[in-house]
Structure formats: structure tokens, C-alpha cells
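**Student:** Those protein sequences? They're chains A and B, same order as listed.
By the numbering used here, the letter at position 261 of the first sequence is numbered 261, and the numbering carries on one by one without gaps.
For the numbering used here, add 446 to where a residue sits in the second sequence, where the first one is 1.
The hints are simulated quantities; they were obtained by calculation from the structure and are not laboratory data.
Cβ coordinates follow ideal geometry from the N, Cα and C atoms, glycine included.
Derived DSS-like pairs: lysine-lysine, alpha-carbon spacing no greater than 25 angstroms straight-line: (1) 408/A <-> 597/B; (2) 414/A <-> 376/A; (3) 376/A <-> 597/B; (4) 597/B <-> 414/A; (5) 376/A <-> 445/A; (6) 414/A <-> 445/A; (7) 367/A <-> 408/A; (8) 597/B <-> 568/B; (9) 44/A <-> 31/A; (10) 238/A <-> 31/A; (11) 301/A <-> 244/A; (12) 445/A <-> 597/B; (13) 108/A <-> 244/A; (14) 439/A <-> 568/B; (15) 44/A <-> 238/A; (16) 244/A <-> 31/A; (17) 568/B <-> 445/A; (18) 301/A <-> 238/A.
To list a few chain A residues with every Cβ distance to chain B over 12 angstroms, as calculated: (19) 98; (20) 107; (21) 111; (22) 192; (23) 205; (24) 229; (25) 261; (26) 262; (27) 408.
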Amino acid sequence: MLKISDVFAWARIIHVTQFIFSALCLYCFSKITFKLILGESSDKHIGLLALGSSVVWFLGNGTESIYQQSWINWYSVTYQGVSIPLFWICVGLTLNLLYSRSLNRHAKRLHILGVIAIPTFILLIHPTEFVFFAIYLSTILLFNWRPMLRHARSHPLPLLTVTGALIGLIWLTITYKMLPLPLFLIHMDFRILSTEIGRIGRWVTEGGGNRFPHAFSEAAIASLVFATILRIYLARAKHSLNLKVYDPLLASSLLFAAIPLNGLLSGTVGIVTHEEIVWRFFFGSAWFIFFPLALHVASSKFAKYSSSRSLIVSYTVSLLTLLVLSRFALYGSLYQNTASIASLLYERRIGMQYTLQDVERLAQSIKQQEPVSADKPIMLYIRGDLAPIVRTALRRYVYADRRRLFSKSSFYEKGLADRYLLVDIELPPDFPRDAEIFKVFALDKN
Amino acid sequence: MVSYLHLNRKDRCPLPPSLISPLLPQGSIQLKQPNPLRESHTLGPSWKFHNPSAEDTLANLGAATNGKEGVQQPLLKYHHRTVYEGFSTHTMTSCALPSRICRYLGFSAILLFIGLSHPFMKIPFDIWEHLMRIASIYDTGESFIFSPEDKAPNMNLWH
Numbered sequence: 001m002l003k004i005s006d007v008f009a010w011a012r013i014i015h016v017t018q019f020i021f022s023a024l025c026l027y028c029f030s031k032i033t034f035k036l037i038l039g040e041s042s043d044k045h046i047g048l049l050a051l052g053s054s055v056v057w058f059l060g061n062g063t064e065s066i067y068q069q070s071w072i073n074w075y076s077v078t079y080q081g082v083s084i085p086l087f088w089i090c091v092g093l094t095l096n097l098l099y100s101r102s103l104n105r106h107a108k109r110l111h112i113l114g115v116i117a118i119p120t121f122i123l124l125i126h127p128t129e130f131v132f133f134a135i136y137l138s139t140i141l142l143f144n145w146r147p148m149l150r151h152a153r154s155h156p157l158p159l160l161t162v163t164g165a166l167i168g169l170i171w172l173t174i175t176y177k178m179l180p181l182p183l184f185l186i187h188m189d190f191r192i193l194s195t196e197i198g199r200i201g202r203w204v205t206e207g208g209g210n211r212f213p214h215a216f217s218e219a220a221i222a223s224l225v226f227a228t229i230l231r232i233y234l235a236r237a238k239h240s241l242n243l244k245v246y247d248p249l250l251a252s253s254l255l256f257a258a259i260p261l262n263g264l265l266s267g268t269v270g271i272v273t274h275e276e277i278v279w280r281f282f283f284g285s286a287w288f289i290f291f292p293l294a295l296h297v298a299s300s301k302f303a304k305y306s307s308s309r310s311l312i313v314s315y316t317v318s319l320l321t322l323l324v325l326s327r328f329a330l331y332g333s334l335y336q337n338t339a340s341i342a343s344l345l346y347e348r349r350i351g352m353q354y355t356l357q358d359v360e361r362l363a364q365s366i367k368q369q370e371p372v373s374a375d376k377p378i379m380l381y382i383r384g385d386l387a388p389i390v391r392t393a394l395r396r397y398v399y400a401d402r403r404r405l406f407s408k409s410s411f412y413e414k415g416l417a418d419r420y421l422l423v424d425i426e427l428p429p430d431f432p433r434d435a436e437i438f439k440v441f442a443l444d445k446n
Numbered sequence: 447m448v449s450y451l452h453l454n455r456k457d458r459c460p461l462p463p464s465l466i467s468p469l470l471p472q473g474s475i476q477l478k479q480p481n482p483l484r485e486s487h488t489l490g491p492s493w494k495f496h497n498p499s500a501e502d503t504l505a506n507l508g509a510a511t512n513g514k515e516g517v518q519q520p521l522l523k524y525h526h527r528t529v530y531e532g533f534s535t536h537t538m539t540s541c542a543l544p545s546r547i548c549r550y551l552g553f554s555a556i557l558l559f560i561g562l563s564h565p566f567m568k569i570p571f572d573i574w575e576h577l578m579r580i581a582s583i584y585d586t587g588e589s590f591i592f593s594p595e596d597k598a599p600n601m602n603l604w605h
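Isolated chain A (complex conformation):
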């Protein structure tokens, strides 16, 4: 009996936990935001808006690498499956701390604790989302610098504590080399720096590094367009929306959408973080709150009363229309994300290319070929697509990389032969092979 089920069971448990955790965090963030923007609405109505924005977030965020998949498919069982939901809840807490008038002293203390503790944890596990949070914080401060300054004069301690904690965190991470790039920037010549910014910017925008349009779903683009139109409308119309919350959120959302699409912005962000993750800055955009919000405002205007029924109907009709347009008229990103979420229920559609019987055959084949005893740890050299299975399910060391297979000779060139015994595994001739993966990744032996 193979000891195979455990790692996959962990994967399942982590996936389900992260899915629920993400949904809860998104719901809480949306609810806080809607409460702050629409102070007068009922709890039920705000709950519906928050649910709508959480659903559209799951459907509208995704990317493509061979397959188009939604965010939850790509990032469950990864660090980002934790750090992005935490980032949203942290932004929500910050907004509540700064804008809510109903917080008592105890709640304020808890919020401050959250705003310090969550970014610290994010910084330790996945610093990209810390940069997202820093951008949000800067935007909020920029939009409210006058009241903030006034408040800081009368109550300097909270601001000094938060600023000190953030600076301390950054200093600690630089000292322990957790954030490599600021050091990188210090040692760089300005001329080289500008060349690098240009190179990264070109690669991201023209070379497909931003994964446009696959990472920018139709729902996200429509939501940002609606949000901008709504802001122009709100500048003239009578309304009860809290623009002090709306404006910084809209500005940051547009900025996060612009970063992967603009050469200069993507180059700058790429040099501070890493060029290959610039496209992910779109995940920091709060576009998903504007989609139900615009519908709420529209239904309030045209139906006189923005009842729950009119909101549900307008939301469903708009989402279905977008899905149909995405499938038949636009580039299909939203539709494919939705289809990928639906296929989460069918393991064979999204799961591993090989069956458990294949893995058992693989285990037997390895057992026959590897020496019974060796004076050094054994390292296997096997077809690259099978290397992750051999490592996770069969717990053997493998000489491989995730997206390419090293040459056998490089093992000896690196001097690894002194510490490991390399065993070349030949597969049974009829062992299955996923041709699609081999078109993209260099996983054959060479």
C-alpha cells in the first residue's frame, strides 16, 4: 500500500480551509467597506452587497498559463492563498479604524493590534501583499493628509506607534535579508537602474509579462469603468455615499490595475519586487466592490427604492450578461474562470494527469531499479513531469526542477556525486505521458 493519500489529503484540507478563509475575509472586507460607504443602508442589504462582491471576486480574478484558471484554483495550497485574504482583511481593519465612528476604545485597540500583527505575518510569509498594503495606506494618507495631520497633532501616540512598528518591521526584514531589493537598489547605479526599469517595463507590457487580458477579467474591467463613471456622476448628483472612503479605494484600485499595464509603473514595481510578479499587482485592486455598488446606486435611482429584490435581480442579470458577453463576444476570461470554479467539483478535470494505479506502477518500477543499500542518500533522475509525484508521494529525492529537467551531466559538474548516489530511472514503455505539458516545459531527459 502506497503512503500516497496523506499529502493529497493535506492538500485537500488546506485547499478547503483556504477557500473558506478567503471567502470569509473577502466578505468581511466588503461588508466593512460598504458599511463605511453606505452608512444608511440596512445590515441585510449590506450583507447582500458584500456577498455579491465576494462572489464576483472569485469569478473575476484568475490567470492563464496553459490553462485559464480562477484565483482559487491557482493559489489554494500556496502562500498567496493565505496572504491575499489577510491583506484584504487588514485593509478593511485600517479603513474601519480610520473612518468608522462607532468603534469603542476596546475595538480600536483590537483594530490597531490587527493592523500591526497582520502585516507582520504577511511580511514573513509573502511580502508582496505587504507592498499592496503599503500602497493602500499611502493612498489613504494622501487623500486625508489634512485631517490626519490635525489628528496626529492632538493624538500623536497611535500614529507614532504604527509608523514606528512599520519602520521597525521593514528594518528587521532588510537586516535579515528577507526583502532583498532595497539593498539591491542601494548598490545600483542610476543609469543601470533606469535601463532595468525600461527592460522590465517592456517585458511586462509588450512581452506578455502582465498576462493581459487573461488576468484582467471582463468583470474587473467593467467594474472599474462603472466605478469611474459613478464617481463622475456622484460629483454632480445628490447622494449619501461617503466619498472619503470611496475616493482612496477607487484611486488605489485604478493604480493597481495600471501597474501591470504601464511600462514605467511596472518597471518601477518590478525593480522593487520582482519582474515576474508584477502582473499579480492586479490582485490588489478592490475593483470587486464597485460592481455591486454601481448596481446599488443604479437600482436606487431607477427603482426609487434600492430594495434587496431589485439588487439581486440587477446583480444576477448583469453578471449573466457579462458571462454571455465574455463567452461569445469578448476574450472569455470571466467565463473560463467561472468554468474552472465549476470544474473544482470534478477531480479528473482539474486534477493530476496520472491515476493512482499509474503512481503505483511508478513506485514498483523505482523499487526494482534502485539499489537495496547505498552508502550515500539516493537521488533519482526521472522524467521531469513525474519528479513532483516521486518527491511528494514516494518521498524520494529527485534531481529536477519544477519546469525543466536538468541534464544528467550537470549533476556531476555540480559535485553532487560526492554526497548523493544518482539513480537513472527508466519508465515502462507504455507509461502514460501528457503531451500538452511537454509542449510547454522541457521535462524530457537530456
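Given chain A, work out where chain B should sit, using these hints.
**Tutor:** Coordinates of chain B only, in the frame set by chain A:
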């Protein structure tokens, strides 16, 4: 001050008043005719509680009465709540029971979907790297990918 933002939960009725009114002392609650203006914008059947003691309080407080003592005209109709200046009446317009059941059913459906879902496991995508790390930490206490020689590159901090 208009206090319609947060009605207490105790002000909301979990059952239709026609069901619970026989259980309450006579005269404590009177059923009012549904407002046709409001009816056109609410989800299902609606009932409205009317608490006479609340109106007495209103009259005593001297709230907006539009010239008629004890009869207060609503200043603002928002959603399905009737809002009076200076006092939030015990007003409930829609039956909470079906909506509560719908809410529980909806959340159960979401949880069931999530519970039955599977992680993305195609080889060789990102998830596998994390699975390999989980396996290595479980077996050796160290984080590596394919072998102890294969530690995380610097980029992974941002990845």
C-alpha cells in the same frame, strides 16, 4: 437624531405577527394594514408591528406630529423601515423566517460546494512546489523542494 441605522435584533420578529399575537397580552401589539407604497418594494409577505406605547412616548417627547397630537407622520421612508424623527418605532416589514432559511440554505450551499471542491493538481504547476515543501518539512523539518540541495531561490520571497 434619526436613529434608524441599527435596529436591535429584539426589535425584529422571527415569526409572522399573526402567529405570535395570540401569545402576547391583549393590546400590546396591533397589526396594521400593509403600506401599498412599501409593499411594491419588499420581498414577500410583509407584516408591521405597531407598538402603541411607542407612540405615547413619541407624543410625550413632542416629536414631529404634523399638527395632530399622537399621530406622527413618517419623515423618511428608507428601504423597508419606517423612520420617525427622534424615535425608531418597532417596525418590521418582512417576515424574517423565510429570509433566514434562505440565508442558511445559501451559506450551506456555498459551504457544501467548497467542501466538495478539489485543489488544482496538474503537474508541474505551483501547487506541487508547496506540496513538496510540506512533504520535506513533515519528513525532515527543513523546507526544500526536490532535495536538500534545492532550497528556495531568493525570488520565492516575492513569488
